[in-house]
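> Generate the whole structure from the sequences, applying the supplied hints.
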Amino acid sequence: MLSFLSPTPIVTHELSRAADLPVRVVQTALLELELDGRVERHGNGAFSLAAF
Numbered sequence: 121m122l123s124f125l126s127p128t129p130i131v132t133h134e135l136s137r138a139a140d141l142p143v144r145v146v147q148t149a150l151l152e153l154e155l156d157g158r159v160e161r162h163g164n165g166a167f168s169l170a171a172f
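Those letters in the sequence shown? Residues 121 to 172, per this note's numbering, in order.
It is worth saying that the hints were derived from the structure and are not from the lab. Only a predicted model underlies this, so the values are computations on that prediction, with no experimental measurement involved. Among the clues, some could well be false.
Have a look at the derived ranges for each label pair, beta carbon to beta carbon [to be verified]:
id	residue 1	residue 2	range
1	143	172	23 to 29 Å
2	142	172	25 to 31 Å
3	144	172	25 to 31 Å
4	168	140	17 to 23 Å
5	171	142	25 to 31 Å
6	140	171	25 to 31 Å
7	122	144	17 to 23 Å
For glycine and all other residues, C-beta sits at the position ideal for the given N, C-alpha and C.
Here it is in structure tokens:
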């Protein structure tokens, strides 16, 4: 999943399309990455790589 993310936010459905994965799979992966501090959730439902 990380290979489809960048510092620029992307919404979940676009990420799902890019990764060719169901939205629920992408949402689960993003939640795990968010809990690990590797991605950031934005107010509009988009995600980006976390700034270190």
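> Next step is simple, just say for each hint if it's right about the structure.
Hints, one by one, checked against the model:
1. 143 with 172: 23 to 29 Å: 27 Å, holds
2. 142 with 172: 25 to 31 Å: Roughly 29 Å apart at Cβ, these two residues keep to the hinted range, so it holds.
3. 144 with 172: 25 to 31 Å: Hint holds: Cβ distance 28 Å, inside 25 to 31 Å.
4. 168 with 140: 17 to 23 Å: 20 Å, holds
5. 171 with 142: 25 to 31 Å: Taking Cβ atoms as reference, residue 171 and residue 142 lie about 28 Å apart, which means the hint holds.
6. 140 with 171: 25 to 31 Å: 27 Å, holds
7. 122 with 144: 17 to 23 Å: With a Cβ separation near 18 Å, residue 122 and residue 144 satisfy 17 to 23 Å, so the hint holds.
Comparing the model with each earlier hint shows no violations; every hint is respected.
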